[in-house]
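A.B. asks: So you can see what is in the structure, the chains are spelled out below.
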Amino acid sequence: DTEVTQTPKHLVMGMTNKKSLKCEQHMGHRAMYWYKQKAKKPPELMFVYSYEKLSINESVPSRFSPECPNSSLLNLHLHALQPEDSALYLCASSQDPGRLEQYFGPGTRLTVT
Amino acid sequence: ILNVEQSPQSLHVQEGDSTNFTCSFPSSNFYALHWYRWETAKSPEALFVMTLNGDEKKKGRISATLNTKEGYSYLYIKGSQPEDSATYLCAHDNTDKLIFGTGTRLQVFP
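These protein sequence lines map, in sequence, to chains A and B. Numbering follows my numbering, in which position 104 of the first sequence is assigned residue number 104; successive positions increment by one, without gaps. Numbering follows my numbering, in which position 56 of the second sequence is assigned residue number 56; successive positions increment by one, without gaps.
There may be inaccurate statements among the hints.
As the list claims (entries may be wrong) - Computed cross-link-like contacts, DSS-like style, restricted to lysine-lysine with a CA-CA straight-line distance of at most 30 Å:
no.: 1; chain 1: B; residue 1: Lys59; chain 2: A; residue 2: Lys19
no.: 2; chain 1: A; residue 1: Lys19; chain 2: B; residue 2: Lys97
no.: 3; chain 1: A; residue 1: Lys41; chain 2: B; residue 2: Lys57
no.: 4; chain 1: B; residue 1: Lys59; chain 2: A; residue 2: Lys40
no.: 5; chain 1: B; residue 1: Lys42; chain 2: A; residue 2: Lys40
I should point out that these hints are in silico values taken from the structure, not numbers from a laboratory.
Using the sequences provided together with the hints, build the complete structure.
C.D. replies: See below:
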């Protein structure tokens with residue numbers, strides 16, 4: 001199984017809502033990543049988890065809260081988002097935190113109203 | 001070059017044409033250069049991870065070259081097919097994270 005799955009595919013939420021994005025992989029990968037992609041822009045790294053511990057936070061606002069409950073799962077908790085947070089959120093994993101290819105999920109398209 | 005730049009932004013070719021596009025990246029703090037293929041509504045798919053200056057990698061009709069001293073990589077597609085239509089992203093690994101370019105959007109017409 002070389003697949004990274006993400007749920008939901010689409011999410012519309014109000015600025016006062018709390019929601020979560022989920023990501024799952026069963027490849028035994030020990031590094032997992034969240035990226036944000038705005039239209040016509042490159043994917044930008046948000047967080048990296050290495051061996052279930054947060055290793056990189058790219059100065060992401062606290063309204064985004066990542067969580068890694070176990071080595072296969074990665075969540076992104078959303079609270080009090082702004083309309084400018086609307087974007088495609090991509091999850092990825094790699095065998096270890098080193099310089100290896102990353103396997104991406106299809107993304108969650110988030111719209112904040 | 002401070003960022004990762006890709007050119008052209010988009011490309012339309014006829015089936016059977018060969019094509020190539022460019023990724024430019026900072027030559028300092030280089031560890032690896034990644035190429036990804038991203039079809040609409042699907043996941044980005046890794047094509048190549050290149051680390052050595054002068055490296056050349058091939059997968060079927062797609063190949064890539066790397067020049068780390070001058071900071072560029074070329075991706076070539078020989079005999080383009082409609083199923084090659086996708087956005088091709090490169091990413092510079094600068095030691096602790098990937099920095100992506102904005103991609104080259106390729107459309108191959110039958």
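A.B. asks: Please name the hints from earlier in the document that this structure breaks, with their numbers sorted from lowest to highest.
C.D. replies: 1
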